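Enquirer: Residue strings, one per chain:
4 protein chains.
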Amino acid sequence: MKDMNELKEKVRAFVEARDWDRFHSPKNLSMALIVEAAELVEQFQWLTEEESANISGAKRQAVEEEMADILVYLTSLATKLNVDLLAAAEAKLIKNGEKYPAERVRGDARKYNEY
Amino acid sequence: MKDMNELKEKVRAFVEARDWDRFHSPKNLSMALIVEAAELVEQFQWLTEEESANISGAKRQAVEEEMADILVYLTSLATKLNVDLLAAAEAKLIKNGEKYPAERVRGDARKYNEY
Amino acid sequence: MKDMNELKEKVRAFVEARDWDRFHSPKNLSMALIVEAAELVEQFQWLTEEESANISGAKRQAVEEEMADILVYLTSLATKLNVDLLAAAEAKLIKNGEKYPAERVRGDARKYNEY
Amino acid sequence: MKDMNELKEKVRAFVEARDWDRFHSPKNLSMALIVEAAELVEQFQWLTEEESANISGAKRQAVEEEMADILVYLTSLATKLNVDLLAAAEAKLIKNGEKYPAERVRGDARKYNEY
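Residue numbers (my numbering), protein chains in the order written: chain F, 1 to 115; chain U, 1001 to 1115; chain L, 2001 to 2115; chain D, 3001 to 3115.
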């Protein structure tokens, strides 16, 4: 897959072929998205932070699939609400950059904890 | 922003400039991601499904920002675990397609409910 | 079971018998709790609000079990952090009552949406 | 507060006084509950497991309040669906006990990871 537009189109076709669009209100999609996010959390819940950085095999495969599911629902929601995800992420990074200036928060765990 | 690679690079630079990488274990990133997913859910929790499809103004802006935050953390996690998000999404769509053949599930809400 | 104290004791004994306490840091328990909350959300994600109020059979059984799991993890966390759940809930209701005085918010959906 | 029944009654009166019952479909309550669960996760997301077990001051207060919010929404949902939370928890502990016999899972992290 070469870019987000192609993903958007593939997800749209997948949903249309199954006539599932009528279930896809933004409200419902936000629920589906957090369910997938929780399946990602579940993969890490009993691991130490160090173990979570060194996953392999079936665990790694499961993590990749949950990440994929999150992106798929996020893409469905973006289509539904006509949001340009990359533009939104770029705008948010700029806003976050103003809120947390590098020189002020650098190396300060407390500042990070407020983040 | 032209593509996911550029987003990946911008997110990486943002985190590096603040020396926040040491907090970013996959375990912690999965927690941050679900917190953002919940902030998205919060925007929709008291709306009807129909209202959720017709948001505007400050509500719409907030929804876009939460979607952006989800993508940013998903991108951080992808960098950390060396996951190609688009390839993972493509593989997952194929797998889902085999699990829910269009001709079998089309127009069947019960099948969808198992999804 | 007659009260929360008996539940607390049963949950504690269950965990101790399996030597699982070493996995039960508050951080990990918060992850386990949100995973169960998501399994509850999953039961409702494709239902209309009206359908969600009229569940029965296997769906109803699943919902009860997810609610039970949430209470069990909440109880584990309360034991771990020495929190009196009923006292905390009572204090929070008083605080919420001051934040949202009945006479001001009554029948005002917008006020509720800020809630 | 002496027991869950008193909490149930207080929560019911709180909601009724504000005429908020019409927003409280089980679907919506499950969303509100996971939002509160995420606010709990947020308190722990950048802490180490050890730090999460040694919280105090404002952090501890915030954690208690999020736990209270979770219990309040769980109680609202239980009232709505006519679920006896303590009985459900007791039944679930018995079911879990059969699924994870102490003698088989004791001290086995892998077994726990399947949990």
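Source of the hints: derived by calculation from the structure; they are not laboratory data.
Quantities reported herein were computed from a predicted structural model and do not represent experimental measurements.
One or more of the hints may lead you astray.
Derived lysine-lysine pairs resembling DSS-like cross-links, with alpha carbons at most 25 angstroms apart [what the hints assert, rightly or not]:
| no. | chain 1 | residue 1 | chain 2 | residue 2 |
| --- | --- | --- | --- | --- |
| 1 | L | Lys2080 | U | Lys1059 |
| 2 | D | Lys3092 | D | Lys3002 |
| 3 | D | Lys3080 | D | Lys3002 |
| 4 | L | Lys2092 | D | Lys3099 |
| 5 | U | Lys1010 | F | Lys2 |
| 6 | L | Lys2080 | D | Lys3080 |
Enquirer: Identify every previously stated hint that the structure contradicts and give their numbers, smallest first.
Expert: 1, 4 and 6
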